[in-house]
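Trainee: Using the sequences and the hints, build the whole thing.
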Amino acid sequence: MAINSLAKEEVLRSLGTSEHGLTEGEARKRYREFGPNEIREARKTPLIARFIKQFTHFLAILLWIAAGLAFLSDYLHPGEGMATLGFAIIGVIFINAIFTFVQEYRAEKSIESLRRLLPFNVKVVRDGREREIPAREIVVGDMIILSGGDRVPADARLIESRYMMVNNASLTGESEPIALHHEPCEGDLLGSRNVVFAGTTVLSGSGRAVVFATGMSTEFGHIARLTGTVEPGLSPLQIEIIRLTRIIALIATLMGIIFFLAGRIIGMGFWENFIFAIGIIVANVPEGLLPTVTLALAMGSQRMAKRKALIKNLVSVESLGSVTVICTDKTGTLTQNRMEVKGLWFNGAFAGVEKLAEAEMLCRVSYLCNNAKYLDGRYKGDPTEVALLKAVREYVGDLESERIYEIPFDSERKRMSTVNLIDGERYLLTKGAPEGILDISTRILLDNETITLKEHMRERILKAYNSLTGEGLRVLGLAYRIVAADEPLDSGLERDMIFAGLVGLEDPPRPEVPEAIRRCREAGIRIIMITGDSTRTALAIAREIGLVKGEPVIIEGEEFRRLTDRQLRKRLSHEEVIFARMTPKYKMRVVSLLKELGHRVAVTGDGVNDAPALKGADIGIAMGITGTDVARESADMVLLDDNFATIVNAIEEGRAVYDNIRKFISYIFSSNIPEIVPYLAYVLLRIPLPLTILQILAVDLGTDMLPALALGAERPTQDLMKRPPRRPDERLLNIKILSRAYLFLGPIEAAAGMTGYFYVLYSNGWKWGEMLSSIDPVYMQATTACLTAIVITQVANVFACRSFTESVFRIGFFTNRLIFVGIAFEIIFQLFIVYHPWGNGIFSTHPINLRIWLILIPFALVLFAAEEFRKLIVRRYGV
Amino acid sequence: MYKNILAAINEHLNSEVAAGYALHLARVCKARLILAFIAERKMTGESIENAHKSMHRLFEEARNAGLQVESISVAGDPLREIKRIVTHESIDIAFLSTRREDIKKRFYAGTTARRLLIGLPCSVALVRVVHFGKIHPRKILVPLKARIAHLKERAFFTARMAEAFGARVYLFHCTRPVESFFLGEIHLTPLQWEARLPGDISEFIKVLKQSGIESENSLSPGTAGKKIALEASSRRHDLIIMGASERSLLASILRGNPVEELLREPPCNLIILKPRHGD
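Protein sequences, first through last, are from chains A and B. Here the first sequence stands for residues 1 to 879, numbered as in the working numbering. Here the second sequence stands for residues 1 to 279, numbered as in the working numbering.
There are no misleading hints in this set.
Straight-line Cα separation of at most 27 Å, DSS-like style, residue types lysine-lysine; simulated pairs: (1) 390(A) to 414(A); (2) 139(B) to 595(A); (3) 145(B) to 595(A); (4) 312(A) to 227(B); (5) 139(B) to 570(A); (6) 3(B) to 209(B); (7) 53(B) to 29(A); (8) 109(A) to 226(B); (9) 226(B) to 53(A); (10) 312(A) to 226(B).
The set of hints was computed from the structure by calculation and includes no laboratory data. Bear in mind that the values here come from a model prediction, so they are computed numbers and not experimental data.
Mentor: Right under this line is the structure:
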């Protein structure tokens, strides 16, 4: 039998202890056997191993091989500058590694936040004596003594209790106090009323309990374990980058091999050919891609922060854009968590809140049986009580009365009572769940007369209750009675009450939510509401905010627990799903099932027990205002305003980031062709090499970087949230983007480069077939012209890449000012390479005259015009 | 299959819980239960007294449950004495509890538990108790490999344990992810995974069904030890029953050892079964 169903003696026997507690010797033995009572972090990959991993992934290995070949080449053929290339590639590996590591590294603090919820010291009985010991020394079988204000150190079965009330919010998310007892009871351990759990708080009363689980075996440890172990897996962007690098690796290697073989066929020497093959590989590898992606994500996260979404994990910026399902809480996220009295039912009829003054007893119960306060012009207290107090103050005014007794609310009775002195008489005033209030009522107040509450009247009340909940209102029943002078004030007072009426309260939806939901619908994103509210309330609010249009599938907590995974998956595939009467512990299962179905899931949460779901989802979203530290530490994103609409804004930004990454990939890849063609010409046409390897790196890691970053800052386009989420099989680099870069824009840039190169050679009297020394000023000027041509055409390409279909003139030439910053940097850097002696020294360049620039500029204009024409065709004919 | 069941008792509380599992198995198998306490030379008087008290409580409980129960108390080397009892009493399965030393040592090498697991000529159920509030499991997780040695005995043991506690059985198979060089890891839906269910697991399900036990099955790609712990934690299982590791020390060092990982930090109580009965 479970521990909660055992009698006191059986509990003591099964845990090998007695009423006098454990002996010190036995406690020591158990401590040695079971270890300390503490929350431990799951074993993780050491930081150093995570750093080393950044040097051993596929792209890094590719670059290591390239660097190794460059050093080998330099060793065999010194003076070709290959060692410099080798160092440059290693530099790239380090830059990539550090960027990625910094991006991935996040100090894990969620477990630390959990630890803070456990007490430092605790009172125990050992050897029959009461004493205080550190909580970590608690062992199974220890008898702990608890009283109001204590934090519970371990999971324990109560064997004695006096009016004990606990707050289990850290475990269940329910902040309502729970009354405990020590009698055996059946059912789920977590729902047992005779068990206290580690990390929860004793609100009042006192008791003695025997520990049956410590440390990671407690329910609290269970949350810590899940939070520490669950991994959302790679983000869609990370997966795409892995794919991308593999494709690039294949293309680069194949081209290297093909041109190596071609070189051999036309009779090139082995080492000359080998250096050439390395050049081809280096030209194909986009060295600047990873840092650019990281910086684009960082910029995206800054934009999101301005829209009140704080991103904790950079990769999440893009993951947000791929979300297909949002599992959201209701209270505080979809609604304002600000209750208002909306409707009344008294004297057998419905009435608006403005009629409150006509219901004297309703006012008295609402105002006096209430712990909310109006202080310094502000209401303070539970939102429901604040709403009642506010309504009475607004429509009736303040009431005076002395409270002489209180029976606090607890989740089992679901009601609260006070005894107040009114006009010299003692009134018992009670408010709570209507069913419970009806159970203790025998009379009803109708037109100032008290009559017996007959069955048909009960049915009318229940009908009125259902009608109010059907409107999405939270309904409270109110009752009262006069307490006789000789009647003792105790918990037995709640009986024979006079039913005064019903009050319907609404937690109004946030005004931005209906629009945000409409946008989600247009964007093909499903929203699943997970709430602890009743089905009727959940459905009514869902209809009000436009979350459901038809007949949704509604799954209640109890049913959820019973259903198998297969059954749940079937229900989850329905278009509109609502989870009602749910507790946060089930969220994790919902997230796992949705992920199994191939969805990319965002989930909201604020409580401690939301942490595993927040960690397990593709995007965990914690509430910044109402969220616990644990939830915030476990999440990928924190909503600074707790508002659902902010999630939708963040998704829009996420989609924009993905689009922008595609734009700068297209931009970066375009310059690969003018970097490769010179090598082909070198081999096939037997001409001096038109572009050196360091000049390629000057483009990839120099001039291209800032304009690419500027593309990463493009604003979201109008149609972004009208498209469905991208399909899992949609690639970051697809045939369209690759062919646009390699077959359309790239060749124009290559033509510019080769024109500049040959123009300089021919204008300086070069003859076909003549080989030039690498330090010949004419040769250096020619390569400089080739490099300049690439840079000039890339300037036009930045504008071309701002949209795949829209004209730059339609987007607005000046709408992204960073583009101009990027271009300015690009040009200044190129001027440094061309005209500064240091630039000349590093990149083997030589100053060129203005005429060459003027010859090359038309190529940029051609590229720009050609791309505008292509976009026009695409827009007009949809090709 | 199990006519004579041995439960080894010591001075620790977890051995009493482990013996509790044996008692319930004996009840559903209508087997004879033998409670054995081997007093080692270094044991204190208090430890011996504690062990005897445990024996007494279990004996009473078994007798009240109508079981044929015997108790043996001897002094000596645990391995030698238990081996002798197993042979002498024709024991089919022995229940032993782990100690902290078993978990501290890598691959629990050189521990009494390992020596018994390897050395006993009967099936062995090695029990690791971490939760004393859930000793009557309602949900049992059974992780399975693609190829199951002693399939019938493992299925029989699982079925009888489920029957003993009226528990639901959840089979779990951790598999390698489906990958392609260019596409990376390929996501498969649960239905697609089910179509890849290994033959031995289908057979295991069949044997369970024949014993009147329905099970829920799931497959998940990933690292076995981690995934099993995660599955048990997230689905709130009360007991894990898994087969003993068949990996050599070298293979364990190179590829990891899911059994050891779970033994070290189990999310709930754990039984490691080393079956000896042939299929």
